[in-house]
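Asks: Read off the chains here:
Number of protein chains: 2
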Amino acid sequence: MDRRLIVIGGQAAGLSAAARAKRVDPRLEVIVFEKSSRIAFAPCGLPYWLEGEVPGVDKLSRYTPEEFERERRVRVCTGVAVVAIQHSRRQVVLSTGERVGYDALVIATGARARKDLPGAEQPHVFTLQTLEGAEALSRFVKDRKPERATVIGAGYLGLELVEVLLRWGLKVRLFEATGGFLGRSEPGMVQWVREYLERLGVEVHLNEPVREIGARQVNGYPSDLVVLATGFQPNVALAEEAGVRLGRTGAIQVNEHMETNLPGVFAAGDCVEVRHIITGTPVYLPLGTTANKTGRVAGACAAGRRERFEGVAGTAIVRVGSLAIAATGVSNLEARAAGFDPVTVEIQARDKPDYMGSRPLYVSLTGARSSGRLLGGVIVGEFGVAGRINVLATALQARMTVDELYQVDLAYAPPFAPVWDPLLVAARELAKQL
Amino acid sequence: MDRRLIVIGGQAAGLSAAARAKRVDPRLEVIVFEKSSRIAFAPCGLPYWLEGEVPGVDKLSRYTPEEFERERRVRVCTGVAVVAIQHSRRQVVLSTGERVGYDALVIATGARARKDLPGAEQPHVFTLQTLEGAEALSRFVKDRKPERATVIGAGYLGLELVEVLLRWGLKVRLFEATGGFLGRSEPGMVQWVREYLERLGVEVHLNEPVREIGARQVNGYPSDLVVLATGFQPNVALAEEAGVRLGRTGAIQVNEHMETNLPGVFAAGDCVEVRHIITGTPVYLPLGTTANKTGRVAGACAAGRRERFEGVAGTAIVRVGSLAIAATGVSNLEARAAGFDPVTVEIQARDKPDYMGSRPLYVSLTGARSSGRLLGGVIVGEFGVAGRINVLATALQARMTVDELYQVDLAYAPPFAPVWDPLLVAARELAKQL
Numbered sequence: 001m002d003r004r005l006i007v008i009g010g011q012a013a014g015l016s017a018a019a020r021a022k023r024v025d026p027r028l029e030v031i032v033f034e035k036s037s038r039i040a041f042a043p044c045g046l047p048y049w050l051e052g053e054v055p056g057v058d059k060l061s062r063y064t065p066e067e068f069e070r071e072r073r074v075r076v077c078t079g080v081a082v083v084a085i086q087h088s089r090r091q092v093v094l095s096t097g098e099r100v101g102y103d104a105l106v107i108a109t110g111a112r113a114r115k116d117l118p119g120a121e122q123p124h125v126f127t128l129q130t131l132e133g134a135e136a137l138s139r140f141v142k143d144r145k146p147e148r149a150t151v152i153g154a155g156y157l158g159l160e161l162v163e164v165l166l167r168w169g170l171k172v173r174l175f176e177a178t179g180g181f182l183g184r185s186e187p188g189m190v191q192w193v194r195e196y197l198e199r200l201g202v203e204v205h206l207n208e209p210v211r212e213i214g215a216r217q218v219n220g221y222p223s224d225l226v227v228l229a230t231g232f233q234p235n236v237a238l239a240e241e242a243g244v245r246l247g248r249t250g251a252i253q254v255n256e257h258m259e260t261n262l263p264g265v266f267a268a269g270d271c272v273e274v275r276h277i278i279t280g281t282p283v284y285l286p287l288g289t290t291a292n293k294t295g296r297v298a299g300a301c302a303a304g305r306r307e308r309f310e311g312v313a314g315t316a317i318v319r320v321g322s323l324a325i326a327a328t329g330v331s332n333l334e335a336r337a338a339g340f341d342p343v344t345v346e347i348q349a350r351d352k353p354d355y356m357g358s359r360p361l362y363v364s365l366t367g368a369r370s371s372g373r374l375l376g377g378v379i380v381g382e383f384g385v386a387g388r389i390n391v392l393a394t395a396l397q398a399r400m401t402v403d404e405l406y407q408v409d410l411a412y413a414p415p416f417a418p419v420w421d422p423l424l425v426a427a428r429e430l431a432k433q434l
Numbered sequence: 435m436d437r438r439l440i441v442i443g444g445q446a447a448g449l450s451a452a453a454r455a456k457r458v459d460p461r462l463e464v465i466v467f468e469k470s471s472r473i474a475f476a477p478c479g480l481p482y483w484l485e486g487e488v489p490g491v492d493k494l495s496r497y498t499p500e501e502f503e504r505e506r507r508v509r510v511c512t513g514v515a516v517v518a519i520q521h522s523r524r525q526v527v528l529s530t531g532e533r534v535g536y537d538a539l540v541i542a543t544g545a546r547a548r549k550d551l552p553g554a555e556q557p558h559v560f561t562l563q564t565l566e567g568a569e570a571l572s573r574f575v576k577d578r579k580p581e582r583a584t585v586i587g588a589g590y591l592g593l594e595l596v597e598v599l600l601r602w603g604l605k606v607r608l609f610e611a612t613g614g615f616l617g618r619s620e621p622g623m624v625q626w627v628r629e630y631l632e633r634l635g636v637e638v639h640l641n642e643p644v645r646e647i648g649a650r651q652v653n654g655y656p657s658d659l660v661v662l663a664t665g666f667q668p669n670v671a672l673a674e675e676a677g678v679r680l681g682r683t684g685a686i687q688v689n690e691h692m693e694t695n696l697p698g699v700f701a702a703g704d705c706v707e708v709r710h711i712i713t714g715t716p717v718y719l720p721l722g723t724t725a726n727k728t729g730r731v732a733g734a735c736a737a738g739r740r741e742r743f744e745g746v747a748g749t750a751i752v753r754v755g756s757l758a759i760a761a762t763g764v765s766n767l768e769a770r771a772a773g774f775d776p777v778t779v780e781i782q783a784r785d786k787p788d789y790m791g792s793r794p795l796y797v798s799l800t801g802a803r804s805s806g807r808l809l810g811g812v813i814v815g816e817f818g819v820a821g822r823i824n825v826l827a828t829a830l831q832a833r834m835t836v837d838e839l840y841q842v843d844l845a846y847a848p849p850f851a852p853v854w855d856p857l858l859v860a861a862r863e864l865a866k867q868l
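Note that the protein sequences, when read in sequence, are chains A and B. Residue numbering for the first sequence follows the numbering used here, beginning at 1 and increasing consecutively. Residue numbering for the second sequence follows the numbering used here, beginning at 435 and increasing consecutively.
Bound-form chain A, shown alone (with noise of 0.2 angstroms):
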């Protein structure tokens, strides 16, 4: 008899892993479980949906059940819930009662957004990770026309989320509970943006953290809607119960493989905690490509195939009106509390030559005293951010020094770059001080 490999989940971790298994064991019958009745639904473009970018919600799932069951060959149930893993039996408990044994379990059950303040259950309170939320969201404003939102949280969910309240007309006020943007609070940065978003109009609040969302205010200023943004949670309550162990991050603890403490259970994507490439401790930061990309791992191991995942360098970008913010990395705060000796430079440089109408690009880098090595970044810029955020992305994933980042052969042509790119440029400067 074949092998079965039951998935639970039918989002990005677990379609990958369902398609990736299938791929590399055709004999092996896999069954997604899903239990709402979308798959393949694509949260981060929420917030472009919202803002009119998105033509329909549609376009927002890659794929029907029906596409993805004839495309891959793998069964997919929706509307149907996994409540609970045997795993000494080898089965899982569905929501309609029935039980079906596994050979092989993934499980990717992902995360869900905090909303974990007071007052977060009131209806003028959103969040926006599923399209339930976002559509809530956008019929509130259409029905009370509310004029001050607020939105707690300065990562990139909560960035986002300015930009859509921006351009539906609202007063918006941001609040945050650390010093900074997208977890980084390089002084050079965090000015750049506070100013950017002020010049947009947006109240900016730092090291303001909100301990209580009430009827009509937050922090005692008079608020109509609130944006809650604060992160999210994975979804870990059914694996916890079947015995998976989890991490210190509260997220499931897995190796390279994707394994899970039990034999044969394998789990991915945002219900997962990582391995970060600089640190080399666990971390939790749940987005989509690393789900896709987990979930393919442990789809290829779920079949017998021992591939890998090695881990995340925490790189993150997010657009705010015509602004890119990005880093990679750990920041100086995160590498000293890793052991390293860090030192940061900070540049303003151009993005072109100024004879094509060039404009600002900062950029952030921090390196390792003793061994020159790089160990993150911060670019903010309107143009080529998130091109020169990668480059730094890979000059880490090769545990590169400073010096060997400076030396890189880094494309040049007048509508793209100066002839001294702003990366070579902080490599410079921070090599100097290493």
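Keep in mind the hints are simulated off the structure, nothing from the lab. Treat the hints with care, since some could be wrong.
To give an idea of the interface, some chain A residues facing chain B are shown, with a C-beta separation under 7 angstroms as derived from the structure [unchecked claim]:
{"hint": "1", "residue": "V24"}
{"hint": "2", "residue": "Y48"}
{"hint": "3", "residue": "L166"}
{"hint": "4", "residue": "G169"}
{"hint": "5", "residue": "E310"}
{"hint": "6", "residue": "I389"}
{"hint": "7", "residue": "Q397"}
{"hint": "8", "residue": "D409"}
PhoX-like mimics (lysine-lysine), calculated; alpha carbons at most 20 angstroms apart, straight line [as the list claims (entries may be wrong)]:
{"hint": "9", "chain 1": "A", "residue 1": "K145", "chain 2": "A", "residue 2": "K171"}
{"hint": "10", "chain 1": "B", "residue 1": "K786", "chain 2": "A", "residue 2": "K59"}
{"hint": "11", "chain 1": "B", "residue 1": "K576", "chain 2": "B", "residue 2": "K549"}
{"hint": "12", "chain 1": "B", "residue 1": "K866", "chain 2": "A", "residue 2": "K22"}
For each residue, glycine too, the CB sits at the ideal point set by N, CA and C.
Using the hints, position chain B against chain A.
Replies: Frame of chain A, contents of chain B only:
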């Protein structure tokens, strides 16, 4: 008495060398001799000036001689050519007849556009490396109102000129001796660029070398105007007469400290050959970035600090219309010639998630079969090309394997990239075949 450094040439490499040397050793007397009246001129900006994208030609000179002298505290003598180097006496002979002694010398004599085709000296034939050449081209078009233009050479300069001529409303025909563009001939890339140029109205003739430029025709096709963009020749006569050794490429041979065979004599910029980081062999690839970098190293070393230039990856990028075409590393053919057992994959992916209005992106990667090492890549598309070629250039500098490239934590957000970046998709495809 203080030491004296003489720099021959007041453009990118020469000025970089002069400024760097003075910075490293402030007691050094530095004198730059530049035969023209203009220093720090950016010839790479000329196509954009012709197109009208650069407001005034003055913008293309970064410094006046006076500004440079004041800011960098070196002497700049314009309108003065060095006519001989008498190294046994450690002196140069100037066009004024004067002799000036040196302790160290940097040769940065640059290059000139190749004009070695029969018929190239006719008044309707232009090259585009100097302001005078660009002005002559512009004047010719205004005065004579030619209708049919021919561009010879599909390197970056030829392609930039195609765009200029199209903007001016001319009918453009392009001849290229090889089967590709930018020195690359991966089939998918050639097809894409050819079809794009044809849509713009360009008549593309690949594999059609031009042996002679006629008075009214090129290769039998009528032509009122010809732009010759078949490459550059290093200006080495002065160096060669002084006993400076040339390499096999015909350019000046230097080590990683930009030293020539003569003690105390350095060379940098478009007159030198440099090491290719993939093949390890010397290549002649004159480019603004390399000129600045090698100049800087030559200046530091001439002033007594042992810096080094590790070489080039051959990274190049050009914009034609809304298309960007970029390459780095070596092609399959070049890899084979260098002793690798290369495999090349080509993919066509999307530059963003489909729901964001994605456009196609072409990626070709070449890797080595035994080691798995990445050897080169080509990228064509409308968005995110520069950043992605720079990721590959970084991976080449780090000697990454294709599998390591696949593990890079690239930035993801819907406005910038799809969840599976095209680079990762290509790396995955290539890794399977290595």
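Asks: With reference to the structure, classify each hint as holding or not holding.
Replies: Against the structure, the hints:
1. V24: At 12 angstroms from the nearest chain B Cβ, A/V24 fails the 7 angstroms test, so the hint is violated.
2. Y48: Constraint on A/Y48 satisfied, holds at 6 angstroms.
3. L166: Violated, about 15 angstroms.
4. G169: violated (21 angstroms)
5. E310: Where the cut-off is 7 angstroms and the nearest Cβ of chain B is about 4 angstroms from A/E310, the hint holds.
6. I389: This hint holds: A/I389 lies near chain B, its Cβ roughly 5 angstroms from the closest one there, short of 7 angstroms.
7. Q397: holds (5 angstroms)
8. D409: holds (4 angstroms)
9. A/K145 - A/K171: holds (12 angstroms)
10. B/K786 - A/K59: holds (13 angstroms)
11. B/K576 - B/K549: violated (23 angstroms)
12. B/K866 - A/K22: Given pair B/K866, A/K22 holds - Cα atoms ~17 angstroms apart, limit 20 angstroms.
Figure legend: structure checked against the earlier numbered hints; hints not met, in rising order: 1, 3, 4 and 11.
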